[in-house]
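> Go ahead and model the full structure; you've got the sequences and the hints to work with.
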Amino acid sequence: MDFDFTPEEQAFRTEIREFLAENLPPRAERGRGFMGEWLKKVRDKRWVGFSWPEEYGGGSGSLTEQTILKEEMALAGAPPLGTSSMGLAWVGPGIMQYGTDEQKRRFIPDILDSKVNWCTGYSEPNHGSDLAAIQTKAERVGDHYVVNGQKIWTTGAPWADWIILLTRTDFDVERKHDGITCLLVPMNSPGIEVRPIENMAGDRNFAEVFFTDVQVPVENRLGEEGKGWSVTISALANERSSIGEVTQMFAKLESLKNLVRSTNRQGKPAADDPAVHRRIGEFEAKIAAMKYNGLRYLTKQLRGEPLSSETSVNKLHRASLEIEMDDFAVELTGLAGVQLPGSEEAVDGGRWARSSLGWPGVVIGGGTPNIQRNIIAERILGLPKGLIPSRSGRMSYAEP
Amino acid sequence: MDFGFSEEQNLLREQVLRFMTDACPLSVVRTQNGGLAHELWQKAADLGWLALIVPEAHGGVGLKWIDLAVVLEESGRGLSPLPIVSQALAATAIGRSASDDVKREWLPKIATGEAAFGIGLYDDPTWIDPEGIRLEGVQTLTGTKPYVSDATAATHFLLATRTDGELNLIIVDAKDATLAAQPGIDRTKPFGTATLDGVAPLAAFPMSNGDLAFLTDCGAVAVTLEAIGAAEAVLELTTEYATNRIQFGNPIGRYQGVKHRLADMFVDIESFKSLAYYAAWAIDDAPDELPRAASLAKAYASDAFARIGIDGVGLHGAIGFTAEYDAQLYLKRSKWVRSAFGDADYHYQRAARLGGL
Ligand SMILES: Cc1cc2nc3c(=O)[nH]c(=O)nc-3n(C[C@H](O)[C@H](O)[C@H](O)COP(=O)(O)OP(=O)(O)OC[C@H]3O[C@@H](n4cnc5c(N)ncnc54)[C@H](O)[C@@H]3O)c2cc1C
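The listed protein sequences derive, respectively, from chains A and B. Under the numbering used here, think of the first position of the first sequence as 167, with each following residue one higher. Under the numbering used here, think of the first position of the second sequence as 2, with each following residue one higher.
No lab work stands behind these hints, which were simulated from the structure alone. Because the structure is a prediction, the values reported are computed rather than measured. Treat the hints loosely; a few may be bogus.
No farther apart than 20 Å at their CA atoms in a straight line, the calculated lysine to aspartate or glutamate pairs in the EDC-like style are these [what the hints assert, rightly or not]:
1. 65/B x 23/B
2. 551/A x 15/B
3. 466/A x 15/B
4. 466/A x 488/A
5. 423/A x 241/B
6. 65/B x 170/A
Cβ pair distances, simulated, as ranges [stated by the list, open to error]:
7. 430/A x 340/B: 29 to 37 Å
8. 381/A x 248/B: 25 to 33 Å
9. 219/A x 340/B: 51 to 59 Å
10. 385/A x 286/B: 53 to 61 Å
11. 416/A x 257/B: 28 to 36 Å
In this text, a Cβ means the ideal position worked out from N, Cα and C, and glycines have one as well.
See the structure below:
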């Protein structure tokens, strides 16, 4: 057991720090052209898609190097390494694993160069957690699929260029996981209509997306027809919680402590209140647990030992911290705590009040806590599945 | 970067597990009455566990607390009644604070198990602080020391005392003290109150406040390591029961009230395990980080294991309440663990202070 890095790994860390010292000005000094230059510079460093193989333009970074890169970027409060966030997170990895050579050539460079935005069309009005039951229909007609149906909660749909779309090509299957086909669809295709939805924080980032006789060329299919579920699963597996996340949460905890230091409650410093100490201690223990869980799982991966669904452990911690830390800040500061940006009384410019309305993206978006608990109980502990198979043992989907 | 155990450590783990299964199963644990199980103690000594963290120069194996961690985790899984934690704390305290003469005399006896130590630090059961040590004297002592751990199993006591505001540790022969056993909830963790009447210690040495804090942190980490194994045993027992017990036509583990509680147990155990491994590593390799690491681990485990102990019984229904069923043994351990070396309140608040509040 050791927490040391090899000389090469340390040199890599130094390289990142030097790069950041030179190329990341303080937030206030970042001018208009900053983001464009930043994206180009980190791209030249091959830090965008750092885990991707070099042959696709990635950085071929080892697991440990990826950890170091994420940690350093988070420590410095750096902006993202690319703006095609879903492209980098799962569309790109999905294409590298399942795509044709033509698809790789066509899509990967644009993702790395932040040239296109992707959105994800998985959830439907009637199928969220039970994703495999989706109903959006894709019918093969000649060298096209014709898509009809509806997606919802599609983050980024109002401005995305492309959508990775989960459709059903076969409605008469034994298992609902069969008969699903994954398509890559331009958002400007005729027949697509996007209707933004306002969330409780007042943002309009996600949307309903309607498909009416949308024609998608067969060459835009990712993976085999009917095998779209595996594509999805492996793509979602890419969405593992990272050390960068933990670093950001430690930073947030420090801001929370600063807030405590500057707050009086009942005329006395909150920083002297044992109940407040206890809450801060609990937050730190959970974040530290995430850190050391993460390192333990990373070690397993480095040793080539199989990981089961252990990442759900950190997802559950992340979900509860995402809710509780902001909520604590809001409660701590009384009626000032509930003031939004724009109010003169707002605490820290309304930062906490605002982010206290943002948790669903983390808590619901990536699989709800109940679903994470099902995963742990069924896949790790081996408890019986919740769904009792239907009597015929056959699931059939009525055509919409 | 490697946050996992070595092959040697894994072999050691298997060895302890075998010992617990073959020589010290729960049926044997249940027959213990607070005294030292001599045959088992001798086996543990023969296998080198008592010598593990004793330096080679003093007859030990010269390994670290992170190696001992494996032993504690596995003996905790089977609720071992052997006073290995107290023995390890004695080795740590003597190795850190005592003179060379005292080390030369006592460390080999610890390594062979010839001396079995009970530890008495704080006289006050709810005050982890030098002020919580009240017994006075260092040359001849008259007074009492309550809450001596593993007291009824010990041949010797290592006791904290004060003289003119200075702290000391003294070693006394158990035969020179009058011991009143203090029956406790967990019979595998026997206590006693030692009464001394003009007793001259066999050895005495000063202990700094820092050494006391270090020793307390080692204690907190040690009982948390035992709690990992114990909590995993509860989870295993309860998962198996939930898989087999049928109600309303289904295994109860199919119902999410049961299933999700078990998943949450897994989350908590994974988490205080990671925190405790890091703290155990820090004892030898990053002592500056130990106070915070120990507090985070012990705080998390204190609350989580206490809840696991209770739900381990509860999820079994009435059979969990029976003396015959093993779940209750773990519940008892969890209540002891919660208070030993500082509870969750104490450690969370300490972590916050160490973190700058
Ligand atoms: C901010 C945000 C962004 C999102 N972005 C996208 C996106 O870009 N693309 C996309 O495809 N989707 C997106 N989603 C949708 C997200 O994936 C779903 O919301 C999520 O999978 C849950 O589905 P649902 O909302 O239909 O809730 P449901 O599945 O209906 O769940 C409702 C409640 O029932 C519980 N529940 C459901 N099944 C079970 C069960 N078996 N056991 C116990 N409890 C259960 C859930 O935990 C939940 O509390 C986004 C969601 C949010 C909040």
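> Now, for every hint given, state plainly whether the structure supports it.
Verification of the supplied hints:
1. 65/B x 23/B: 26 Å, violated
2. 551/A x 15/B: Roughly 32 Å separates the two Cα atoms, so the pair is violated.
3. 466/A x 15/B: Within the cut-off at roughly 19 Å; holds.
4. 466/A x 488/A: 27 Å, violated
5. 423/A x 241/B: 43 Å, violated
6. 65/B x 170/A: This hinted pair holds, its Cα atoms lying about 17 Å apart.
7. 430/A x 340/B: 29 to 37 Å: 34 Å, holds
8. 381/A x 248/B: 25 to 33 Å: 54 Å, violated
9. 219/A x 340/B: 51 to 59 Å: Given about 54 Å between the Cβ atoms, the range holds.
10. 385/A x 286/B: 53 to 61 Å: Holds: the Cβ-Cβ distance is about 56 Å, inside 53 to 61 Å.
11. 416/A x 257/B: 28 to 36 Å: 33 Å, holds
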